[in-house]
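Undergrad: For the record, the sequence lines run as chains W and Z.
Heads up, the final residue of the first sequence is numbered 511 in the working numbering, and it's a clean run with no missing numbers.
Heads up, the final residue of the second sequence is numbered 180 in the working numbering, and it's a clean run with no missing numbers.
Keep in mind that the hints were calculated from the coordinates and are not lab data.
Nothing here was measured: the structure is a model prediction, and the numbers come from that model.
Fair warning: there could be bad hints in the mix.
[Claimed, not checked] Okay, the calculated beta carbon distance ranges per label pair:
id, chain 1, residue 1, chain 2, residue 2, range
1, Z, Gln119, W, Ile181, 31 to 37 Å
2, Z, Phe159, W, Asn78, 36 to 42 Å
3, W, Leu170, Z, Leu36, 57 to 63 Å
4, Z, Val172, W, Asn226, 43 to 49 Å
5, W, Ser272, Z, Glu57, 54 to 60 Å
6, W, Lys182, Z, Phe173, 32 to 38 Å
[Said to hold, decoys possible] Below, a list of computed lysine-lysine pairs in the DSS-like style, where the Cα atoms sit at most 27 Å apart:
id, chain 1, residue 1, chain 2, residue 2
7, W, Lys382, W, Lys397
8, W, Lys178, Z, Lys115
9, Z, Lys154, W, Lys293
[Claimed, not checked] Residues from chain Z that face chain W, not an exhaustive set, calculated with beta carbons under 8 Å:
id, residue
10, Asp102
11, Gly153
12, Lys155
Beta carbons are placed, not taken as given, at the ideal position from N, Cα and C, and that holds for glycine.
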Amino acid sequence: MSSKMVEFTVNGKKLLAFEGLNLLKYLLDNGYNIPHYCYHDSLGADGNCRMCMVEIKGKKRPQIACDTLIKEGLEVNTNTPTIKRLREEILQMQLRNHPVDCPVCDKAGECYLQNYYMDYGLYKEGKHKKQKIKKSKNIEFGRNVVYDEERCILCKRCVRFFANITKTNELGVIKRANHSTISTAPNQKLQSQYAMNIVDLCPVGALLSSDFKFKQRVWFLQSSPSICHGCTKNCNITIDYSSTKFQAERIYRYKARRNEDVNGYFICDEGRLSYKEYHTNRVTQIEYKNSIIDFKEAISKIGIEIFIHKDIVILASPNLYIEELESIIKWSKKLNARLYSPLECYKDKEFADNWLKEELRVANAYGVMALEIDTSTPDISSDTLLINFDHKLAQDINTLHRIDFITHSINSQGLILPLASWVQSSRHLINSSGIKQYAPKTLVANKPILTVTEWIEAIGGDI
Amino acid sequence: MSKKVKKVTRYGNSTKERLYLPAILEGLKITTSHLLQNLSDINSVETLEYPEEQPTDITSRYRGLHRLTHRADGTIRCVACFMCATACPAECIDIVATTRDDGVDDKMPLQFNIDTLECIFCGYCVEACPCDAIRMDTGIFSIIGKKREDFILTKDRLLSHKGVFGEEISRA
Ligand code: SF4
Ligand code: SF4
Ligand code: SF4
Ligand code: SF4
Ligand code: FES
């Protein structure tokens, strides 16, 4: 791509773009609805699906847009009768042996083939009444990926992911013609720690995640942009959740969200599956020495504890967001307390790799450093009052005088106060490259749970 | 396209109409004439002495309580595709899907509840089902219970209902 701007026309409209830019990329980025399977921003063009056909003036036959580069004077037509007929015919071929089991296919609702059929197919039913070739279903590829041979349209996105992105070449196309299918090497399973990305990449329901399979139909899901809290990389994700009349809000899956500056198009499998943590082991009630107490009692207990202790240590989790950390800093100054946010216990050397995964397995460690909070481990004597804001280290500290604001239950005999999880608050985080990102509040619990700032406000009135 | 204009007469502005009383008397006249007619011949009144007398005119098109159909091999036909739950305007169908491991199919419902207190018996679920797995041809027109839970048709209850107009097994 050169830096020269050239003029070209699409459907009679004059447009400006950089010379040498991929035509399909330009069209897709500018809101043209061009059907395509094999082209993907991260994988580039492969030219095998033939779905992205456009007519170009001066060329005898329709051309694929993903293999056309923009140049001066190019005249493109995307909606001629020929193109429409071609799209319909290509769809007929793709559906020739397709099982069309959409009612039990988890992709239905976000399937390219289904959408394109509704947009460009809709041909008379009789055309696919012929006997179809039967292939295998439910082939376990390993790493939570399940493959359905019948639904595959052989766009090779998955193959190219392992060839170009992870460079581990774990999948390939075997057999010929109508019998072609995707396969791992004989007796091999997928190994990559990023394998589940191919489920996002697959345009149809051929690759599904066994973790999400049959859990929920996608049209019941709501999506919210968010940030993965698995490590300091802060990969961008979409949280898919739903709440029905019969069930409280529940997260069903995380998907990778495109952000060129942070994670590109992908996330690691561990991060993807970390949605499960939200629902397990949550603290929902205020407890004191293992019995439930009410809010007023708790607030007065906190007041008393703070009043009778001279030495107070506050532990703040590096998962808290910038605004929360700031209010903790203010509060600790008011209480004359020592504030720490040790990072050592979040380190996991084995987790780190040289792509996305990073050693510090906590979201806002760099925010803690930016706010200059002490990251060393505090010494706690028997008269020290420990106020813990969801820090991992607190579960290993053995002290009688403690107040725990926690999201997930730990072994503590003191005062336990439920804290909103990160999905339940809107937040700013700083990642390892110093990028400050915003994640909006996604879930609201049935019984509202207070965030750090709200707790401090509530206590502040009484002391 | 030329526009068609239809002139509508406005009623209700004459003195007679604004008095209301004439219209009320007109209505009472009809009611009274029916009353007198019924009193003169009590047997002509179309009344069913329910529940001693049961209705006899329930046809195969009558939308009774739901049932889940079976396959020829006796197993459940439903594949838990959620089409009925999606179509249901009362949102009263609660399905939890699971993997089916008896080799008959891929997917089936682990739980299938219809809350008949919320159901409006519209029959959309029957129409939406791609595999004739749910039907309303049981002829059952009443449901009795003492608690709310008694009105929830569970999967087992739905499977136990019989179709009374033939076609016991799913057609699909
Ligand atoms: S891949 Fe798409 S078209 Fe094929 S069965 Fe699944 S939803 Fe339907
Ligand atoms: S499995 Fe999906 S991504 Fe891979 S070739 Fe088939 S359709 Fe394309
Ligand atoms: S009959 Fe109508 S309201 Fe009742 S379950 Fe079926 S779709 Fe829902
Ligand atoms: S009853 Fe029919 S529509 Fe409803 S989930 Fe079962 S198969 Fe799908
Ligand atoms: S997207 Fe161009 S050929 Fe597949």
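Undergrad: Which constraints among the numbered hints does this structure fail? Numbers only, ascending.
TA: Failing hints, ascending: 2, 7, 11 and 12.
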